[in-house]
Amino acid sequence: APMEQCSAAGPFEQWPLGRGFDRFYGFLEGETDQFHPQLVCDNHPIEPPGKAEDGYHLSEDLVDQLLRMVSDSKGVRPDRPFFAYLPFGATHAPHQAPPEYLAKYRGSFDEGWDVVRQRWFQRQIDIGVIPEGTELAPRNPGVEPWDTLPVNQQRLAVRLQEAFAAFLDHTDDQIGRLVGGLRAIGELDNTLLIVLADNGASQEGGPFGVMHEMKFFNGILETPDEAVERIDDIGGPHSHTNYPWGWAQCGNSPFKWYKQNTHEGGVHVPMVVSWPAGIEEGQRGTMRGQFVNVADIVPTIYDLLQVTPPDVFRGRTQLPVTGHSFAGVLIDAEAPASNTLQYFEMAGSRALVAGQWKAVCKHQEGADYETEPWELYNLSVDASECNDLSGSDPNKLAELVALWWSEAERHGVLPLDDRGMGSFFGARFRDHSPHPLDRRYVYRPPMSPIPGGASAATGGRSFDLTAQVTRASGEDGVLWATGTENSGISVFVQNERLIVDYNAFDKHTLLESDVDLPVGDSVLTARFRRTGGQSGIVILAVDGNEAGRADLPFYMRMISSVGPSIGYDHGSAVSDRYQAPFPFSGTLHEVEIQLLSRASVEAENALARAEMARQ
Numbered sequence: 094a095p096m097e098q099c100s101a102a103g104p105f106e107q108w109p110l111g112r113g114f115d116r117f118y119g120f121l122e123g124e125t126d127q128f129h130p131q132l133v134c135d136n137h138p139i140e141p142p143g144k145a146e147d148g149y150h151l152s153e154d155l156v157d158q159l160l161r162m163v164s165d166s167k168g169v170r171p172d173r174p175f176f177a178y179l180p181f182g183a184t185h186a187p188h189q190a191p192p193e194y195l196a197k198y199r200g201s202f203d204e205g206w207d208v209v210r211q212r213w214f215q216r217q218i219d220i221g222v223i224p225e226g227t228e229l230a231p232r233n234p235g236v237e238p239w240d241t242l243p244v245n246q247q248r249l250a251v252r253l254q255e256a257f258a259a260f261l262d263h264t265d266d267q268i269g270r271l272v273g274g275l276r277a278i279g280e281l282d283n284t285l286l287i288v289l290a291d292n293g294a295s296q297e298g299g300p301f302g303v304m305h306e307m308k309f310f311n312g313i314l315e316t317p318d319e320a321v322e323r324i325d326d327i328g329g330p331h332s333h334t335n336y337p338w339g340w341a342q343c344g345n346s347p348f349k350w351y352k353q354n355t356h357e358g359g360v361h362v363p364m365v366v367s368w369p370a371g372i373e374e375g376q377r378g379t380m381r382g383q384f385v386n387v388a389d390i391v392p393t394i395y396d397l398l399q400v401t402p403p404d405v406f407r408g409r410t411q412l413p414v415t416g417h418s419f420a421g422v423l424i425d426a427e428a429p430a431s432n433t434l435q436y437f438e439m440a441g442s443r444a445l446v447a448g449q450w451k452a453v454c455k456h457q458e459g460a461d462y463e464t465e466p467w468e469l470y471n472l473s474v475d476a477s478e479c480n481d482l483s484g485s486d487p488n489k490l491a492e493l494v495a496l497w498w499s500e501a502e503r504h505g506v507l508p509l510d511d512r513g514m515g516s517f518f519g520a521r522f523r524d525h526s527p528h529p530l531d532r533r534y535v536y537r538p539p540m541s542p543i544p545g546g547a548s549a550a551t552g553g554r555s556f557d558l559t560a561q562v563t564r565a566s567g568e569d570g571v572l573w574a575t576g577t578e579n580s581g582i583s584v585f586v587q588n589e590r591l592i593v594d595y596n597a598f599d600k601h602t603l604l605e606s607d608v609d610l611p612v613g614d615s616v617l618t619a620r621f622r623r624t625g626g627q628s629g630i631v632i633l634a635v636d637g638n639e640a641g642r643a644d645l646p647f648y649m650r651m652i653s654s655v656g657p658s659i660g661y662d663h664g665s666a667v668s669d670r671y672q673a674p675f676p677f678s679g680t681l682h683e684v685e686i687q688l689l690s691r692a693s694v695e696a697e698n699a700l701a702r703a704e705m706a707r708q
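In this note's numbering, the protein residues as written are 94 to 708.
Mixed in with the good hints, there may be bad ones.
[Claimed, not checked] Derived pair list, reagent style EDC-like, types lysine to aspartate or glutamate, alpha-carbon separation capped at 20 Å:
1) K455 with E427
2) K197 with D266
3) K600 with D614
4) K167 with E322
5) K455 with D475
6) K144 with E193
7) K489 with D510
8) K600 with E315
9) K455 with E465
10) K144 with D154
11) K600 with D669
12) K600 with D282
13) K167 with E280
14) K600 with E639
15) K455 with D404
16) K455 with D481
17) K144 with D669
18) K144 with D157
[Said to hold, decoys possible] Ranges between beta-carbon positions, derived for each pair:
19) D266 with N136: 48 to 56 Å
20) P142 with G382: 39 to 47 Å
21) P234 with R276: 41 to 49 Å
22) R670 with E463: 42 to 50 Å
23) P142 with S166: 16 to 24 Å
24) P142 with G273: 19 to 27 Å
25) P363 with G421: 19 to 27 Å
26) P646 with G567: 14 to 22 Å
27) F175 with E140: 43 to 51 Å
28) A370 with P180: 24 to 32 Å
29) E465 with G235: 19 to 27 Å
30) H601 with G103: 42 to 50 Å
31) D203 with G113: 45 to 53 Å
32) G103 with P646: 49 to 57 Å
To be clear, the hints were calculated from the coordinates, so they are not data collected in a lab. From the three backbone atoms N, C-alpha and C, an ideal C-beta is built for every residue, glycine too.
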């Protein structure tokens with residue numbers, strides 16, 4: 094669902110139930126904390142059923158819930174088939190895994206990404222994942238030789254990769270639990286299981302990797318010397334990590350580039366298909382090298398089940414099913430690929446696969462789409478795109494580029510638009526949005542947590558927060574909090590004082606009112622002002638009278654992937670002055686947020702770019 098539609102207010106047409114699913118359990122945004130997720134059940138937000146300190150992890154929860162849904166259905170209607178879609182948070186950042194998985198990988202990557210990448214490349218050739226003769230692509234720009242890195246940079250990079258490996262291993266075990274659960278109820282043999290990734294390894298960790306991924310989205314380059322001070326937190330509930338470019342390219346072996354790119358490193362991913370009752374025993378466990386695109390999955394399922402999709406469904410004419418069935422490839426390893434023409438486009442980067450040929454363009458924001466250079470590769474002999482043939486075969490390249498434009502027109506890709514990446518988050522940043530950038534928000538508890546994309550856009554903005562409360566002496570708690578223990582803002586009452594904790598990536602600015610709060614009715618205000626550049630100031634007021642101010646050394650443009658909660662702190666505690674949820678024990682009548690002057694176009698585009706990268 095669009096991010097601005099992910100709150101309890103809906104609308105719900107784009108939520109899973111609105112799109113045709115009977116049940117849903119999971120998260121709606123592009124990422125979530127694995128220990129403190131923002132969960133939705135069907136059409137309403139819920140709290141996680143467990144806590145990190147008690148062993149809760151989202152991936153385990155998702156499998157538990159799916160198996161329960163299957164049992165609910167099959168127990169009452171064993172004749173009814175089911176379709177389930179299980180989108181893990183793994184292995185999107187944050188990379189988080191249970192401690193025993195983290196311990197399992199200690200020391201596994203001490204040799205560094207050059208040695209490990211070469212080893213993985215050779216293993217891919219040995220087992221037939223890539224053909225003999227494939228070259229290992231050279232290091233991407235910005236990936237330095239491992240042996241030249243300072244010690245702390247190596248220590249940080251190793252620990253970040255360990256967390257990723259632990260996260261992946263843990264996810265694999267959860268898929269195993271799903272398989273075991275289906276086997277236990279007699280449903281495995283006749284269930285078609287398709288497991289695949291959605292893109293190549295992420296480049297959002299930058300050259301060093303990040304302890305706090307939100308630092309990357311705020312334009313802060315976290316140095317390894319800073320990050321290693323908390324190295325033992327990596328992979329646990331007190332971190333929000335992503336690995337560096339070197340390990341990302343290692344994960345994309347043998348290819349170059351990353352997620353967001355249309356080279357093979359961004360779009361070439363593994364897929365596993367299992368169907369014991371439908372795939373002959375002699376074909377099980379074998380590999381296929383034919384080209385398949387995600388658009389081919391739906392027609393393949395229709396083909397295998399001998400189902401003809403309706404032209405009209407619930408009174409609505411249906412769009413034609415794109416893609417090509419690869420059912421024949423499952424039966425016969427020598428069958429030709431059914432999909433011989435496929436376009437790609439991502440934020441202006443483009444590619445076209447036509448049989449053995451691939452044309453690809455790595456777009457630079459603002460460059461002329463008509464004149465920027467394309468590359469040409471023969472994938473049948475150059476699977477890793479190491480030998481650009483654009484200079485030696487310009488006619489073939491021109492043919493494929495023209496074909497790309499034709500396919501883009503046919504499939505509704507045009508016009509291309511990379512204006513500050515804002516088009517990807519258009520509704521969030523337009524004046525006609527239900528969440529415009531300049532407006533007054535009034536929240537009255539009780540309320541569910543509000544996703545960041547549907548809440549007041551306080552990141553990088555000056556704003557006033559005003560809470561109307563009635564309280565007796567000793568009544569305290571959170572009035573408004575957004576973010577997590579890794580980064581966020583909390584406004585709360587404690588020990589008769591109004592307090593703001595501005596948590597900029599574990600660097601806390603605490604401001605406490607210089608007067609006790611009155612009993613009875615009062616108006617409590619926190620004014621946040623961006624003072625230029627990356628700094629700011631916060632001012633407290635009680636019943637209109639200033640009660641303290643503090644400088645904010647860093648004013649966060651993107652605060653967190655976790656949005657605000659009203660009257661309590663959802664998830665992990667933003668402030669270490671209390672334990673979440675620390676609900677307000679007095680009466681909180683309302684919280685008003687007034688956003689001030691619109692940010693500059695440059696600031697809005699920077700925020701849009703950060704949102705795009707996070708997804």
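Results for each hint:
For the suggested pair K455 and E427, the alpha carbons sit about 33 Å apart, so the restraint of at most 20 Å is broken. This hinted pair checks out: K197 and D266 have alpha carbons roughly 14 Å apart, not beyond 20 Å. Between K600 and D614 the CA atoms are separated by roughly 33 Å; this puts the pair beyond 20 Å, and the hint is violated. Only pairs whose Cα atoms come within 20 Å are accepted, and K167 paired with E322 is rejected, the gap being roughly 51 Å.
At most 20 Å may separate the alpha-carbon atoms for a hinted pair to count; K455 and D475 meet this at roughly 18 Å. Restraint check for K144 and E193: satisfied, since their Cα atoms lie roughly 17 Å apart, inside the 20 Å limit. Restraint check for K489 and D510: the C-alpha separation of about 26 Å exceeds 20 Å, so the hint is violated. This hinted pair checks out: K600 and E315 have alpha carbons roughly 13 Å apart, not beyond 20 Å.
Taking the CA atoms of K455 and E465, the gap is about 9 Å. The hint holds against a cut of 20 Å. Between the alpha carbons of K144 and D154 the distance comes to roughly 11 Å, so the proposed pair stays at or under 20 Å and holds. Restraint check for K600 and D669: the C-alpha separation of about 11 Å stays at or below 20 Å, so the hint holds. For the given pair, K600 sits about 53 Å from D282 by alpha-carbon distance, which is inconsistent with the 20 Å threshold.
A hinted pair counts as satisfied when its Cα atoms are at most 20 Å apart, and K167 with E280 qualifies at roughly 9 Å. Note on K600 and E639: the hinted pairing is violated, with a Cα-Cα distance of about 25 Å set against a maximum of 20 Å. Using a Cα cut-off of 20 Å, the hinted pair K455 and D404 is violated, with the two alpha carbons roughly 38 Å apart. Taking the CA atoms of K455 and D481, the gap is near 13 Å; set against the 20 Å cutoff, the hint holds.
Our distance criterion of 20 Å between C-alpha atoms is met by K144 and D669, whose separation comes to about 17 Å. Distance hint between K144 and D157 is fulfilled; the C-alpha atoms sit about 16 Å from each other, no more than 20 Å. In this structure the hint that D266 and N136 lie 48 to 56 Å apart at CB is violated, the actual value being about 31 Å. Against the hinted window of 39 to 47 Å, the Cβ-Cβ separation of P142 and G382 comes to about 43 Å, which satisfies the hint.
Distance hint for P234 and R276: a CB-CB separation of about 47 Å, consistent with the stated range 41 to 49 Å. Our hint of 42 to 50 Å for R670 and E463 is violated, since their Cβ atoms are close to 57 Å apart. Here the CB-CB span from P142 to S166 is close to 21 Å, well matched to the stated 16 to 24 Å. One distance hint, 19 to 27 Å for the beta-carbon pair P142 and G273, holds here, with the actual separation near 21 Å.
For the hinted restraint 19 to 27 Å between P363 and G421, the CB-CB distance of approximately 20 Å keeps it satisfied. Range check, P646 to G567: about 33 Å between beta-carbon atoms, so the 14 to 22 Å window is missed. At about 27 Å, the beta-carbon gap between F175 and E140 misses the expected band of 43 to 51 Å. Taking the beta carbon of each, A370 and P180 are about 25 Å apart, inside 24 to 32 Å as hinted.
One distance hint, 19 to 27 Å for the beta-carbon pair E465 and G235, holds here, with the actual separation near 20 Å. Range check, H601 to G103: about 35 Å between beta-carbon atoms, so the 42 to 50 Å window is missed. Separated by about 48 Å at the C-beta atoms, D203 and G113 satisfy the suggested range of 45 to 53 Å. With their beta carbons about 39 Å apart, G103 and P646 fall outside the hinted range of 49 to 57 Å.
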